[in-house]
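Dock chain B against chain A, hints included.
Listed below, chain by chain, are the residues.
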Amino acid sequence: MTYVAVSGGKEAIEASIKLLDFYKGGTEKDVEIEAIENKLSLLVDRVMGEAGLYSKTYAALAIKQCEGSMEEAVFLLRAYRSTLTRNYYTNVVNTSEMRIVRRISAAFKDIIGGQILGASYDYTHRLINFDLDKEKAAELRREVLDMLGAQEPEEISLCPRVSDELRKEGLIEQYAQDDKPPHDVTMSMLEFPADRSARLQTLARADTGFISGLAYSALRGFGQEHPTVGELRCGYVELCVPYPLDEQEEIYIGEVLLTEVECFNKADDKEQLKLAVGYGAVFGRNETKAISMAVIDRELDHGGPYPTQNEEFVLMHGDSLEMNGFISHLKLPHYVTFQSKLDAVRKTRA
Amino acid sequence: MQKRRLTRILAKMDKRDVEVLAADIQKIYTPLIVKEPGKTLAMVKMRDPVKQTLFYIGEVIVCEAAVEIDGVQGVAVLMGDDTEKTLDMAIIDAAINRCVFAGMDKLLNYEKEQNDALMRENAMHLKTMVCFESMDQEMPHDLAAFKKA
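These protein sequences, in sequence, are chains A and B.
The numbering of the first sequence is this note's numbering, which starts it at 3 and goes up by one.
The numbering of the second sequence is this note's numbering, which starts it at 7 and goes up by one.
Extracted from the complex, chain A is given alone in its bound form (with noise of 0.2 Å):
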């Protein structure tokens, strides 16, 4: 297909930006960037995943500033990114040490740990609470303050993984540690057969609803049996980069909320000894898309005819900025081209 460039519309397309004002000024009230980083914190951490980019504040200003579309959101986080320098990469983090908000596991009852449901919407009933539109902020923010005042500190422990017990015993396969320098795929085009390191940063940073869907293919028939969230943690994890001036010592740069997830498959080992594993693990609090990371990666782990197990077809097709951006150019002018189409259709009428 070839393409001819056009000009004109200039300045139907300045009053097109302009309308967009007009239909966010249909009320005086306005959402301030604090309320949407607290209160549509799952919103955010969404654009934050699939931007590849955490910034709680310039996610909810991003969220903001297009209508709360998030493709547009991931796009401008995106963007911004590209304008800055990447003068640091952190020390390895270790999710072990991770400060644990969430943990549940479906494969076993009694944990070491425990599980801890945390916040979650999987126990409520999912009715509209009418009474919302009259909740007073500042008195809620009073309320929490008032419960955290109120609570007996509990010493934080480390929960160590599920799997790790499972590996003790042989269960699961056991690797050496690898410290290849990891692909980037942002610096990098995708190859194929793909890094493992490119393969987990890709699905990081994939659409939620594209890996979801390609999830519940695989676990519809269109893949391996039905895995076991062996386990699933959320919670903070502690950045740290080299001291600039004194290489041995770190230094603290902040925290970032994770999801991560490790299901359990079916043995694939020819005697059938082992259980295999699946790892996903995301930004925020995002638990569908860690969930479906990890079934995912066992996917391609195991190969096979169907699409989640196709690498290329999966790695390839997730990228919210590349298949929004792919789809959102077939409604710019293709007068040339269609003109073509139509006169082909003509000659054979005729």
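Keep in mind that the hints were calculated from the coordinates and are not lab data.
Warning: the hint list may mix true and false statements.
[Unchecked claim] Incomplete in silico selection of chain A near chain B, CB under 7 Å:
1. T85
2. N89
3. Y91
4. L134
5. V146
6. L150
7. Q153
8. E154
9. S199
10. A206
11. F285
12. L334
[To be verified] BS3-like mimics (lysine-lysine), calculated; alpha carbons at most 25 Å apart, straight line:
13. B/K57 <-> A/K41
14. A/K66 <-> B/K133
15. B/K57 <-> A/K170
The C-beta atom is built at its ideal place from N, Cα and C for all residues, glycine as well.
What follows is chain B alone, placed relative to chain A:
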């Protein structure tokens, strides 16, 4: 005190409290700005626990700054876009490296408050810990039983 611990305390402090500590230093010393505070990125490196490989999960926005007090440098790198707090942290770091920082006791107090707040938050999460009671005959689906089997 190790830099990691020190920077954790400072990073979690309110920017006004950090400003007060930096202002105390500036009453006596005039820090020279070596690197103006500015935004950059840090790539987050993770280890996949399944196959033990490294991968990048994404980036964070950080601010960095460097200053000098009497020829001794101090630096700060902090998540977010708070350039003022980052500069103040760099001043405190320089003062510590120059061995003229007098606010270590205050930092320890802040750390105590921070840990206390975290432990209170932890208490709320621990209240959601499940205590299972099987309604049917116990099946070998707990970890100990699984291992024995």
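Against the structure, the hints come out as follows:
no.	hint	verdict
1	T85	violated, 9 Å
2	N89	holds, 4 Å
3	Y91	holds, 5 Å
4	L134	violated, 22 Å
5	V146	violated, 9 Å
6	L150	holds, 5 Å
7	Q153	holds, 4 Å
8	E154	holds, 6 Å
9	S199	holds, 4 Å
10	A206	holds, 5 Å
11	F285	holds, 6 Å
12	L334	violated, 30 Å
13	B/K57 <-> A/K41	violated, 37 Å
14	A/K66 <-> B/K133	violated, 35 Å
15	B/K57 <-> A/K170	holds, 15 Å
Consistency note: the structure conflicts with the earlier hints numbered 1, 4, 5, 12, 13 and 14.
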